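So the sequence lines, in the order shown, correspond to chains A and B.
Per the working numbering, the first sequence starts with residue 51, numbered consecutively.
Per the working numbering, the second sequence starts with residue 51, numbered consecutively.
Treat the hints as calculated values from the structure; they're not laboratory data.
The reader is advised that the hints may include incorrect statements.
Claimed, not checked - Covered stretches of chain A, as calculated for chain B (at least 3 residues, CB under 8 Å):
id, segment
1, 73 to 82
2, 426 to 439
3, 495 to 506
Stated by the list, open to error - Output of the computed footprint for chain A on chain B, the stretches with three or more beta carbons under 8 Å from beta carbons of chain A:
id, segment
4, 486 to 492
5, 499 to 511
6, 586 to 594
Fair warning: this is a prediction, and the values are worked out from it, not measured in the lab.
We treat Cβ as the ideally placed atom computed from N, Cα and C, and that holds for glycine.
Number of protein chains: 2
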Amino acid sequence: MRPLPERLTALRNRLREDGLDGFVIPLTDEHMSEYVGAYAQRLAWLTGFGGSAGCAVVLADRAAIFVDGRYTLQLRQQVDGAHWEYEAYSASSVADWLGKHGTVGQRIGYDPWLHSRGWVAQVSAALKRIGAHPVAVSHNPVDAIWDGQPAPSTAPAFAHPAGFAGRHAADKIKDIASWLKGRAADAVVLSALDSIAWALNIRGSDVDHTPVAHAFAIVHADERVDLFIAPEKVDAALRAHLGEAVAIRAREEFAPALMAEYAGKTVCVDPERAVVAIFDLLTQGEAEVDAVRDPAVLAKACKNPTEIAGHKAAQLRDGAAMSRFLHWLSVEGPKGSQTEISAAERLRAFREECGPLLDLSFDTISGAGPNGAIVHYRVEESTNRIIAPDMLYLVDSGGQYADGTTDVTRTIAIGTPSAEMRQRFTLVLKGHIAVAAALFPEGTRGSQIDILARHALWQHGLDYAHGTGHGVGSYLSVHEGPQRIATPSVFGAGGDEPLRAGMIVSNEPGYYKACEYGIRIENLILVVERALEGAEKPMLGFETLTFAPIDRALVDVALLTKTERDWLNGYHAQVLDRIGPQLDGAARDWLGQACAPL
Amino acid sequence: MRPLPERLTALRNRLREDGLDGFVIPLTDEHMSEYVGAYAQRLAWLTGFGGSAGCAVVLADRAAIFVDGRYTLQLRQQVDGAHWEYEAYSASSVADWLGKHGTVGQRIGYDPWLHSRGWVAQVSAALKRIGAHPVAVSHNPVDAIWDGQPAPSTAPAFAHPAGFAGRHAADKIKDIASWLKGRAADAVVLSALDSIAWALNIRGSDVDHTPVAHAFAIVHADERVDLFIAPEKVDAALRAHLGEAVAIRAREEFAPALMAEYAGKTVCVDPERAVVAIFDLLTQGEAEVDAVRDPAVLAKACKNPTEIAGHKAAQLRDGAAMSRFLHWLSVEGPKGSQTEISAAERLRAFREECGPLLDLSFDTISGAGPNGAIVHYRVEESTNRIIAPDMLYLVDSGGQYADGTTDVTRTIAIGTPSAEMRQRFTLVLKGHIAVAAALFPEGTRGSQIDILARHALWQHGLDYAHGTGHGVGSYLSVHEGPQRIATPSVFGAGGDEPLRAGMIVSNEPGYYKACEYGIRIENLILVVERALEGAEKPMLGFETLTFAPIDRALVDVALLTKTERDWLNGYHAQVLDRIGPQLDGAARDWLGQACAPL
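Input sequences plus hints: build the corresponding full structure.
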């Protein structure tokens, strides 16, 4: 493997050969995915950055990499500041940066299969202002220089049975077709991999931890579906599951089909989830494009009763694994016998022992002491720390089960925590409880809820640089839209989606003291209708879905109100009630103590 | 005066003569003002609606009027449901309504001097979808049929001295010119009346309660200003105040100037605050339009130390007037000797006695019992109620003083309040306190703060259908942008403005039980920097500016936390300390009791 600086040099040489003065390398794929297959890890290959969100831009004489607040620390550890300028999305953007550092006449390349239409419009406007030109490349120059670029996965796709999905794919397609008729449109392009997986009740293994298959789909108003997918991924069982209305076509046929088959027709395309190339090809093919959110997005986010029941079953197994792990940690932690890596492996093993684990839902974040302050830390041999007194240990992990996707974070005191750690943990806990216990009218958005999680921290001048909650799929993406709980600045025009009954979101406030420790408390919560006596409007609330003890040693009870204390004791009683019967012996005794009222 | 139904008929006849199938009548003027001069009260003249926000749309066979949640009850009382369909902005829009009820080929008129560019684009798109056509009229058909339409005001404009404004107009113009140079633009159109008033340190009397003069201004990058204003409004003193850099031009020259004087130049125009006609004229004149927020808006919102000191001085006088009024009411209320009208008159008289009152800052809302539930109630002889036991009385009022603009609401128990009234009042108070006491990092928006005001109500399934806070000017508009405290749904693309030190906003949660009573507690609050020990980011908070007792008889102390109770007692101690010395005898004794700790 070529060393990193040589890769950057090779890219610059290649850009010169291609007649380009610059190039933009986002972290995504042709489906605007957050987690991408190995073949599409261009940003990581070029820069060394291992986070899940970022973008690099390379000019002849300078290069920059953009990340959000979660990755500020990680960026400094993984990416060489001698070659890359560190930029924060909160302060700047690729468009701003190019507008500042580009010069008149320059040709700045981008891969139209890796960017949204809005991004291209923004960058094009910035370049136009300085007299430079955006250039859509037909072949990605990073691919041209990447020796040993992995081939796209050939893993088979498979059916996700209606017993888990709660609805037959034919029903879902019928709904989408009826939605199309309501818009007087002929077809809709589904390009988001989880939308395709949801709509057709299929899953795959093309991306680590996210059970999707690489494909594009076009759903027609007459309920026919074109599924563009490598044919070898579709075996006879899947072919039968998909039924006659679904035509299997090679993935390579997708682009030509957009250009050739929709002249004079109206095709819906999601401007947030489809790359600009899809818009361009349809327009070239004289289709009328209706830019609108993919209809699977909201339907997928609102879980049906089968999915909710499945999720709850998965949470019981996952909670048993977490509790066994926390018991094990309570024994091993004080000895200093374990590392971040060994702990993450043990946790995986507990998950495997507690039920049919299909995958982790993301790379476990196992951070001891200062590594806990790196919000999306991914342990490697070079950074691996011993877990020992006196420190905080943060573990954020989840499982992919056929009946549900989990995501849970616990922060544990190893040895004796400082008063400051306990105070900060309790402030984070107050935020967690405020979200968990909130009641709010229909129509309320996650951006309104967000302050409840931060309010206690803010009163001490503290905060955390990430969102409070993300949606979670049903044996699908661990990060799923359209709902979120986050500050309004992260949302584009139109703001965020109102919360609706059936949505699952995470509730994960935190606090991070750089180079010392990190705190995060994460449960998944379900939006539910709440009947209140005397209520004058329909109200919603949250039901907590995750069951694992919250470290009592880190709670400063004096800082809790009676209501907050009651919440914590009530939660622990539920944990003991649901998880206790799954444990034996010492683990069960430990759980009893860990869940004792405060 | 023609009866209302005849006016509607006359308009329909006129539309036929003009070759139009419909027409839209907004409540605004050529400056997109919220409060407009008598000549521009077209909506009120046509429909009878007396609120401050709304829009009517008239077709040959049906007509609708749109209002927001504040005016739902008032609409039903003032506008005849036999002729007008009631529509809520939260559920629909003029564009949606026209898209639904218009038909192919129809010509729907609008006055391009009364709508934003965005509104016209939205309505045009809706009409296009159904094959109908938007038509910009050159003469407003309402004006054509309005016998006795008042002439525009000829009141003189006058200087607002730097001793109150805190800065010379020349300094402000210099800043605007330097902002223009930074954008490589040649000029900016100021069309919002309060922006012009702020930038040139002038005031006027063309609109009730809002001390602005009807004018347009164009500020050039070379610091010259064209002020388009009726020349008779400018006397020698004002002419001298404005200085040589300001050219006085007749208001009628504005439109021709836009078309004739900017070919090839770049002119900044605010898409939210300028009407579409301004964009159209500049474009016809071959100017390049730079659509951007008027630079006076944010500068005006962040008060300077002189303006803050002036506001505080005005609040002391205003607080004395409010306290005298509340004492008077404590004597008269139980007797049943007063009405909504007489009480409002008495309050105005107290304000006049306490200092140099230049105007009220809006029509006093004086609502007894069920009238208190009409959020923006404006008492008339026909609705006037006696104030007597046992009811709640709500009074929302403010004064225009040369040093500041005030706005305060108090809700008073006359006689014995019910347990429900006390519970609801206390929930509203909890929201008021949560906002007043909040600490938050720089960059926080009002849409994040809003939930603090509603949270206590929400836990009981209750809410209020208006925003929590609006900006307030310095001897200027009582409603001023760009900051607000409100739910995100009221903001357009880009969301709301982060709160900054020096901004004044209202803090006015409420609760309204239709046909029974209304509750609102409103103080003005100032955004201030807060130095917190150990804070990891720059923090902001609020300083309460309004001083008048909050009715202790309505507080259910058992529902308050200790922190909330401490806040209320601390607030009342401040009221007594600042207002007490201005009162004598019985009023002073009463204030001592009204401010006693709970």
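Query - 8 Å C-beta test of the segment 426 to 439 of chain A against chain B, three or more residues - result: It is violated: at least three residues are needed, and the segment 426 to 439 of chain A offers just 0 whose Cβ sits closer than 8 Å to chain B.
Query raised in the report: Taking a Cβ-to-Cβ distance below 8 Å as contact, does the segment 495 to 506 of chain A have at least three residues touching chain B?
Result: With 8 residues closer than 8 Å to chain B, the segment 495 to 506 of chain A meets the three-residue bar; holds.
Query raised in the report: In terms of beta carbon proximity below 8 Å, does the segment 499 to 511 of chain B have 3 or more residues touching chain A?
Result: Since 9 is at least three, the answer is holds.
Query raised in the report: At a Cβ distance under 8 Å, does chain A reach at least three residues of the segment 586 to 594 of chain B?
Result: Answer holds; 3 residues pass the 8 Å Cβ test.
Requested in this report: Report holds or violated for chain B covering the segment 73 to 82 of chain A, Cβ cut-off 8 Å, minimum 3 residues.
Outcome: violated (count 0)
Query raised in the report: Are at least 3 residues of the segment 486 to 492 of chain B within less than 8 Å of chain A when you compare beta carbons?
Result: With 4 residues closer than 8 Å to chain A, the segment 486 to 492 of chain B meets the three-residue bar; holds.
Checked against the numbered hints above, the structure breaks hints 1, 2 and satisfies the rest.
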